[in-house]
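Construct the entire structure; sequences and hints are all you get.
Protein chains in written order, with this note's numbering: chain A, 1 to 113; chain B, 1 to 114.
I should point out that these hints are in silico values taken from the structure, not numbers from a laboratory.
Hints are not guaranteed to be accurate.
[What the hints assert, rightly or not] In silico contact screen, one side only, chain B against chain A (beta carbon under 10 Å); selected entries:
1) N56
2) K57
3) G58
We put the CB at the ideal spot given by N, CA and C, even for glycine.
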Amino acid sequence: DQQVKQNSPSLSVQEGRISILNCDYTNSMFDYFLWYKKYPAEGPTFLISISSIKDKNEDGRFTVFLNKSAKHLSLHIVPSQPGDSAVYFCAARQNYNFNKFYFGSGTKLNVKP
Amino acid sequence: KAGVTQTPRYLIKTRGQQVTLSCSPISGHRSVSWYQQTPGQGLQFLFEYFSETQRNKGNFPGRFSGRQFSNSRSEMNVSTLELGDSALYLCASSLAAHESNGYTFGSGTRLTVV
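What follows is the structure, given as structure tokens:
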């Protein structure tokens, strides 16, 4: 049962424009959310996180928004750069004390020059 | 500092065989988790070890097992390999259970079962 879903397998955006990656979840007990970025032949790398007590977290060009009532989070990248082209995974954790994350299936972002 | 090291990077095995994958976490990290990545399925949690104890386990059959040594290095074993076990196996380590930046992942071991 997929508790974290990324319904868009791919997204193509022009350089300089905004990229919006979406993620939905079903478990209302999730208390922490993260986004990871993955390049081919490399492991995922941490990008940004948000606690369930917040609705927004910003880090440079990256902003994550959390809508708990809709069980939805999104990652905004502004402005998008060709180097941002990668697969993006959202992940969620239910129990603060354990490192068990539920991952979405990923969205492949292509930023065109 | 050195990152998470997984060996081997690539592996080809035959159905019915068993395989052992190795993961060396970042120095000082005590938590090691394993994930299976298959196309379209994202990363599926296998298990987590902390101070040589398995703290959490995903929904995988008993053919998948693991252990952690006193130096925090971890191994994952899959017995009686099936074609569906072909995947990228990722290991991740963290200092503790609730770091704000989650895990640091290794580059993975690509297992192909033929």
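Against the structure, the hints:
1. Against a cut-off of 10 Å between C-beta atoms, the interface hint on N56 (chain B) holds, since the closest Cβ of chain A lies about 5 Å away.
2. Interface restraint check for K57 (chain B): the shortest CB-CB distance to chain A comes to about 9 Å, inside 10 Å, so the restraint holds.
3. Checking G58 (chain B) against chain A: minimum C-beta separation of about 8 Å stays under 10 Å; hint holds.
Violated hints for the displayed structure: none, as all numbered hints are satisfied.
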